[in-house]
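2 protein chains.
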Amino acid sequence: MSTVNEIVANYIAAWNETDGSRRRDIIARTWSDDGSYLDSHRDSTGHAAIDAMIAAVQERFPGYRFRLCSGIEAHHDRVRFSWSAGGTDTAPLFFAGTDFAMLASDGRFRMVTGFTDAVPSA
Amino acid sequence: MSTVNEIVANYIAAWNETDGSRRRDIIARTWSDDGSYLDSHRDSTGHAAIDAMIAAVQERFPGYRFRLCSGIEAHHDRVRFSWSAGGTDTAPLFFAGTDFAMLASDGRFRMVTGFTDAVPSA
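Which chain is which? The protein sequence lines are A and B, in order. Under the working numbering, the residues of the first sequence are numbered 1 to 122, in order. Under the working numbering, the residues of the second sequence are numbered 1001 to 1122, in order.
There's no promise every hint is true.
Estimated spans, in silico, between C-beta atoms of each pair [stated by the list, open to error]:
hint	chain 1	residue 1	chain 2	residue 2	range
1	B	S1121	A	H76	19 to 29 Å
2	B	A1009	A	A52	36 to 46 Å
3	B	G1020	A	T18	26 to 36 Å
4	A	S105	B	G1063	22 to 32 Å
5	B	A1013	A	G63	41 to 51 Å
6	B	P1120	A	D89	22 to 32 Å
Because the hints were derived from the structure by calculation, they are not lab data. Every residue, glycine too, gets a C-beta built ideally from N, C-alpha and C.
Please put together the full structure from these sequences, using the hints given.
Right, dumping it as C-alpha cells:
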C-alpha cells in the first residue's frame, strides 16, 4: 500500500505523463478502479475516463507541467494539497488549484475534487 | 431550499451560537439528518453529535467567534470556504481553516471536512 505522499506524487506525475501507456499505468496506481475526478469543468469516473481527461488537458496546454506547491495535509481518509502549472517562458499562463481527495481502503484515491486558486489574467 | 451562501452563513452561525436551543435549530437547517463533520481532532455524525461537538469547542474557547474569511467556491455538489477565529484582544489565539463540504440533494451539508490553515504560535 502506497503512502499518501506517494499517491500525491503519482497524481502529479499522471497529469504530466504524455506517454499514454505509462500514464495509464500511473493512473491505475493512483486511483481506485471506480475512482473519480471532479472540478468546475471536468467530471471523470474510472481509469479510462480519467486518462482521456488528462490527455485532453495535455493536448490543450502542451508543454505545461504540474508541480506540487503546498504541503500534503491528511487526516482519516481525507487529503488536501495544492498544485500550480505554467508561469514560465515556455508555458506562460499561470494556473493553480487545491485538490481535496478521499482515499479508498487500499490507499488509492477514490474521489478527487478540484478547486481553483489562480487562473491567468486576461 | 437554501442557497449555498445561506448554508455557509448558517454553518458559521452554528459555531457561534451559544444558546443550545437556537444552535440545534441552526444545525438542523445546516446539515442533513445524517450529516457529518470530520477534522483531525473531531468526528461527529448526526445533529446531536454535531451539537455536542460545537458545545465542547465553545466551552474550551469561550468568547471566540468564527468568521468567514474567503469567498465561497461551489461546483456540482462540492463547496470550499475558509474561516478564522480569534486574534483579538479578548480572544487572542488565532485559528484558521478551510472546510470542504458535499451537499445533500436538499441543499444541506451532508459531509464537512475541516483542514487547518493556522494554529496559534507557542
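Right, here's what the structure says about each hint:
1. S1121/B / H76/A: 19 to 29 Å: holds (26 Å)
2. A1009/B / A52/A: 36 to 46 Å: Distance hint for A1009/B, A52/A holds at roughly 39 Å.
3. G1020/B / T18/A: 26 to 36 Å: violated (58 Å)
4. S105/A / G1063/B: 22 to 32 Å: violated (42 Å)
5. A1013/B / G63/A: 41 to 51 Å: Holds, at about 47 Å.
6. P1120/B / D89/A: 22 to 32 Å: Violated, since P1120/B and D89/A (Cβ atoms, about 42 Å apart) do not stay within the stated range.
When each numbered hint is compared with the structure, violations occur for hints 3, 4 and 6.
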